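Chains as they are written, first to last, in the numbering used here: chain G, 1 to 542; chain H, 1 to 393.
Bear in mind the hints are in silico, worked out from the structure with no lab data behind them. Treat the numbers as computed from the prediction; the structure is a model and nothing was measured. Ideal Cβ positions, reconstructed from N, Cα and C, are used throughout, including at glycine.
Lysine-lysine pairs mimicking DSS-like chemistry, simulated, CA-CA at most 25 Å apart:
#1 H/Lys-179 / H/Lys-152
#2 H/Lys-122 / G/Lys-198
#3 H/Lys-140 / G/Lys-345
Cβ-to-Cβ under 7 Å is the rule here; a few derived chain G residues that face chain H:
#4 Asp-192
#5 Ser-371
#6 Thr-374
#7 Val-391
#8 Leu-430
#9 Pro-431
#10 Val-440
#11 Leu-493
#12 Phe-504
Distance ranges between label pairs, derived from CB positions:
#13 H/Leu-143 / G/Gly-34: 30 to 36 Å
#14 G/Val-480 / H/Lys-307: 26 to 32 Å
#15 G/Pro-142 / H/Leu-339: 56 to 62 Å
#16 G/Val-484 / H/Leu-339: 27 to 33 Å
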Amino acid sequence: MNKNFLWKLGLILGTLVIFLFGIFGIPQSFSGSGLLTALTNHIHLGLDLKGGTHLILQVQVNDAVNVDAQNAIEVMKEQLRGHKIEYADIIQPDPQNNPDHLVLKGIQASNRTDLLNIVQDHLPEYDINGGADNNWTMAMKPSMLTDLKNRAVTQAIETIRNRIDQLGVSEPTIQEHGLGQYQILVQLPGVDDPGRVKEIMQSTAMLEIKQELGGPYPSEQAALQAQQPVGVLPVDAMLLPGHSVPGAEGEGEGQSWYVVSRVSAVSGKDLRNAEPSRDQNGQPEVTFQLSGEGGQRFYNFTSAHVGDSLAVVLDGKVQEVANIKEPIRDQGSISGGRMSEQQAKDLSMILRSGALPAGIKYLEERTVGPSLGTDSIRAGVRAAVAGMLAVLIFMLIYYRGAGINADVALILNLIILLGFMGYFDAVLTLPGIAGVILTVGMGVDSNVLIFERIREELRNGKTPPSAVDQGFSHAWITIVDTHVTTIVSAAILFIFGTGPVKGFAVTLTFGLLANLFTAVFVSRFIFDWILSRKQRGEALSI
Amino acid sequence: MEFFHNVNIDFLGKKWYFLAFSLIFSVAGVCSMLFWHHIPWGVDFRGGTLVTVRFSHTPNDNAIRAALDRAGLRDARNQRIGQVADNERLIDLDVRETSERALDVGKTRIIQALETNAPAGKQDLNNASFLTIKNYLLDKDPLHVGSDAEQKYGAEAKAITDYRDNALNGVFASFDQLKAAPGVDSAVAASLPDGFFLSDFGVRNVAIVGPQVGAQLRKQAFWATVYSLAGMLVYLGLRFEWIYGVAAVVTVFHDTLITVGAFSLTNTEISLTVIAAILTLIGYSNNDTIVVFDRIRENIKLMRREKLSDIVNRSINQTLSRTILTAGLTFLTVLALFLFGGEVLHGFSLALVIGILIGTYSSIAIAAPILVAYQDWRIERGKRPVATPAKAK
Numbered sequence: 001m002n003k004n005f006l007w008k009l010g011l012i013l014g015t016l017v018i019f020l021f022g023i024f025g026i027p028q029s030f031s032g033s034g035l036l037t038a039l040t041n042h043i044h045l046g047l048d049l050k051g052g053t054h055l056i057l058q059v060q061v062n063d064a065v066n067v068d069a070q071n072a073i074e075v076m077k078e079q080l081r082g083h084k085i086e087y088a089d090i091i092q093p094d095p096q097n098n099p100d101h102l103v104l105k106g107i108q109a110s111n112r113t114d115l116l117n118i119v120q121d122h123l124p125e126y127d128i129n130g131g132a133d134n135n136w137t138m139a140m141k142p143s144m145l146t147d148l149k150n151r152a153v154t155q156a157i158e159t160i161r162n163r164i165d166q167l168g169v170s171e172p173t174i175q176e177h178g179l180g181q182y183q184i185l186v187q188l189p190g191v192d193d194p195g196r197v198k199e200i201m202q203s204t205a206m207l208e209i210k211q212e213l214g215g216p217y218p219s220e221q222a223a224l225q226a227q228q229p230v231g232v233l234p235v236d237a238m239l240l241p242g243h244s245v246p247g248a249e250g251e252g253e254g255q256s257w258y259v260v261s262r263v264s265a266v267s268g269k270d271l272r273n274a275e276p277s278r279d280q281n282g283q284p285e286v287t288f289q290l291s292g293e294g295g296q297r298f299y300n301f302t303s304a305h306v307g308d309s310l311a312v313v314l315d316g317k318v319q320e321v322a323n324i325k326e327p328i329r330d331q332g333s334i335s336g337g338r339m340s341e342q343q344a345k346d347l348s349m350i351l352r353s354g355a356l357p358a359g360i361k362y363l364e365e366r367t368v369g370p371s372l373g374t375d376s377i378r379a380g381v382r383a384a385v386a387g388m389l390a391v392l393i394f395m396l397i398y399y400r401g402a403g404i405n406a407d408v409a410l411i412l413n414l415i416i417l418l419g420f421m422g423y424f425d426a427v428l429t430l431p432g433i434a435g436v437i438l439t440v441g442m443g444v445d446s447n448v449l450i451f452e453r454i455r456e457e458l459r460n461g462k463t464p465p466s467a468v469d470q471g472f473s474h475a476w477i478t479i480v481d482t483h484v485t486t487i488v489s490a491a492i493l494f495i496f497g498t499g500p501v502k503g504f505a506v507t508l509t510f511g512l513l514a515n516l517f518t519a520v521f522v523s524r525f526i527f528d529w530i531l532s533r534k535q536r537g538e539a540l541s542i
Numbered sequence: 001m002e003f004f005h006n007v008n009i010d011f012l013g014k015k016w017y018f019l020a021f022s023l024i025f026s027v028a029g030v031c032s033m034l035f036w037h038h039i040p041w042g043v044d045f046r047g048g049t050l051v052t053v054r055f056s057h058t059p060n061d062n063a064i065r066a067a068l069d070r071a072g073l074r075d076a077r078n079q080r081i082g083q084v085a086d087n088e089r090l091i092d093l094d095v096r097e098t099s100e101r102a103l104d105v106g107k108t109r110i111i112q113a114l115e116t117n118a119p120a121g122k123q124d125l126n127n128a129s130f131l132t133i134k135n136y137l138l139d140k141d142p143l144h145v146g147s148d149a150e151q152k153y154g155a156e157a158k159a160i161t162d163y164r165d166n167a168l169n170g171v172f173a174s175f176d177q178l179k180a181a182p183g184v185d186s187a188v189a190a191s192l193p194d195g196f197f198l199s200d201f202g203v204r205n206v207a208i209v210g211p212q213v214g215a216q217l218r219k220q221a222f223w224a225t226v227y228s229l230a231g232m233l234v235y236l237g238l239r240f241e242w243i244y245g246v247a248a249v250v251t252v253f254h255d256t257l258i259t260v261g262a263f264s265l266t267n268t269e270i271s272l273t274v275i276a277a278i279l280t281l282i283g284y285s286n287n288d289t290i291v292v293f294d295r296i297r298e299n300i301k302l303m304r305r306e307k308l309s310d311i312v313n314r315s316i317n318q319t320l321s322r323t324i325l326t327a328g329l330t331f332l333t334v335l336a337l338f339l340f341g342g343e344v345l346h347g348f349s350l351a352l353v354i355g356i357l358i359g360t361y362s363s364i365a366i367a368a369p370i371l372v373a374y375q376d377w378r379i380e381r382g383k384r385p386v387a388t389p390a391k392a393k
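Use the sequences and the hints to build the structure in full.
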């Protein structure tokens with residue numbers, strides 16, 4: 001009996017120490033503020049208590065598919081020309097919803113074998129079908145399509161993470177969200193003014209350097225007029241808008257247009273670094289450096305085009321046109337457009353983080369101001385203390401000696417619950433605090449079940465040790481039943497819930513698990529200890 | 001001290017009173033859901049833009065209404081929340097104003113409408129984040145610090161926002177209040193009026209839910225409830241007879257109906273956390289029912305020669321002490337939450353308060369009578385009764 005006793009006591013005290021450690025770690029000092037600091041270091045507060053912003057974005061994966069499809073069209077045209085196969089046109093019949101569907105018009109059926117070979121050799125992720133009416137359809141293989149979309153989401157998450165890291169937000173959360181809708185969840189603690197952050201996250205930041213072939217023209221029509229032959233762009237050229245020209249009236253947006261080469265000499269992938277600085281006029285600009293391979297390509301391009309102009313294109317808009325005076329190896333700058341210093345800083349940061357593979361759309365935005373967060377903590381703690389005190393006092397009055405038993409179990413319960421949260425890095429939300437309060441209420445139920453049963457057995461004439469024994473064994477089954485059903489409920493809430501609701505499910509589950517231990521093992525231990533010190537026939541205080 | 005010592009109340013005999021009571025509340029709730037307030041879905045489920053602002057003084061609701069109308073936000077609702085002395089208002093825009101092209105357009109329009117005294121070129125100090133203030137100070141450099149500027153102005157900006165948010169409830173009433181702020185240099189405080197103005201409100205909370213997310217959350221809430229109920233049915237069907245599972249599900253359905261009815265009658269919004277509370281009270285009501293069922297099952301083995309209705313009555317009486325005590329204690333804790341828990345948890349705690357009362361009541365008033373009624377029905381039909389003492393398990 002004694003050895004058993006010591007072992008159980010050791011287990012309980014050990015548990016107490018372990019979970020206290022989970023809550024506080026090793027605090028600097030044991031004063032009130034020292035403990036508070038240790039506590040806040042270990043228990044993370046949710047956004048609704050700390051203040052911050054919660055965003056759900058959707059990656060427009062069709063953008064990424066579209067880019068691939070555009071590329072496929074170019075490759076196809078090049079190959080058809082190379083194989084001297086005549087074609088009328090290659091179009092996307094439904095660019096919004098199915099950008100990977102391509103229709104090739106006007107290719108004779110006799111070219112079938114060649115076509116199949118081209119697709120197999122150069123565009124293996126596509127399938128090609130058809131031939132009737134000299135129209136052929138191409139579409140991406142379904143598995144490749146899903147792959148591409150998923151990769152777009154993963155890459156978007158990485159890019160956004162880079163950008164947010166550079167903003168210096170502490171402990172952000174960026175992860176995939178929802179079930180298969182290409183959604184990303186971003187949580188930014190302490191950011192109560194998300195405007196700038198949202199802009200930074202959303203900017204696609206595709207940088208390209210192309211050869212500038214003509215411009216600036218005041219409108220698209222004017223640009224086409226200036227071509228030889230009139231109205232037709234050269235095969236390897238495209239039209240891009242530039243920045244608004246001040247004072248250009250009667251031109252719609254006051255934009256100028258440029259004719260640039262389709263193929264880029266250098267793209268965002270070749271960037272190694274980007275920094276804000278000032279140009280010779282003291283205006284803010286962004287200087288960038290290219291990687292080794294990119295630098296080589298840029299050198300080759302600029303050597304071949306000394307005297308020509310290059311256009312720096314950002315997100316499909318011409319930022320700046322510069323004359324190539326001599327070959328440039330690996331440095332460049334983006335100025336123009338009257339950037340403010342903040343914009344230059346933001347742009348260099350976005351370029352450093354890499355381009356987004358697809359556009360993003362915001363679906364949900366929630367911001368909790370810090371004043372509300374502080375109020376919520378205050379209210380939550382007040383309610384928890386009030387509730388807990390009410391229960392503790394009641395148990396003492398109603399169950400007398402056994403009430404102390406229940407109270408000890410409850411307090412230990414709370415410590416284990418908070419300790420669990422500290423160890424699992426769980427986040428405490430406001431509903432989470434409510435979950436703690438609820439755990440107290442539901443946890444005391446186990447004690448009531450046991451005590452009521454013990455009282456009943458005593459009434460039926462059993463001796464105290466026997467009554468205690470019967471009480472625990474009868475109540476055990478019911479306790480397990482009720483705990484399992486509530487934990488299953490909480491698990492469902494955890495799976496289907498979002499942030500604050502998840503926090504509630506977590507504290508409820510931990511609390512109930514802790515309760516299984518305290519209400520049965522610890523409570524039984526205390527009873528046994530009390531009984532062992534009583535004389536035979538002495539009454540039990542319950 | 002002991003309540004309920006040796007009780008012997010004929011609960012089953014009173015079942016018609018219970019039924020009437022339940023019917024009244026159910027019907028009242030359903031009528032309200034259909035004709036009066038309908039089901040007051042929160043922004044989580046219906047989508048829309050919700051902005052909670054706190055004013056530094058008692059706001060003029062007419063002026064707010066006029067400002068919103070002028071901004072073209074005719075359908076915006078403006079309601080008071082919290083205590084009167086809190087000076088808080090909740091402005092609510094429909095989901096149709098919340099397009100996914102630019103999700104926060106509604107929020108921006110509301111804030112601009114309320115900033116009636118905004119001078120050009122200045123930012124609102126009451127709604128500036130500490131980053132904005134820090135960047136302003138770095139630009140202006142009122143302390144003429146050299147290298148340590150980033151850290152120094154970061155600390156100053158944090159001190160300003162901390163004071164505003166913790167001591168002043170998020171709203172500066174005047175620039176003079178900065179003088180009392182700890183950790184804020186007087187030169188810094190003096191430099192602020194140049195670049196900032198003070199609106200008379202601070203934004204406490206923003207929730208913008210686009211239509212796509214609203215639909216997703218609705219679906220999730222629905223499936224969570226269905227799975228919960230299904231799980232319950234299966235678990236109880238395994239542990240007891242299937243009729244026990246059915247009785248429990250009907251009981252829980254009754255509880256949910258009355259709780260949602262109460263929300264409809266009081267026009268309290270049902271948010272995601274309220275759904276969490278409802279799922280929790282389903283779990284709680286279930287617990288309660290299980291305790292009674294466990295005792296019934298135990299007594300069926302012991303009292304082999306008695307009628308089922310007597311056994312059930314006895315079981316309820318035996319567990320009455322525990323039932324009332326647990327309900328009472330849990331109710332105490334949830335009441336603490338309702339009274340002290342603040343406005344954010346209001347809906348959640350209301351659901352729990354109602355749920356615990358109804359959940360306890362329903363185990364006795366609904367679940368038990370269903371068991372007995374089912375058995376009586378089977379006897380009348382001449383079939384062999386299920387779950388009777390004669391069937392040893």
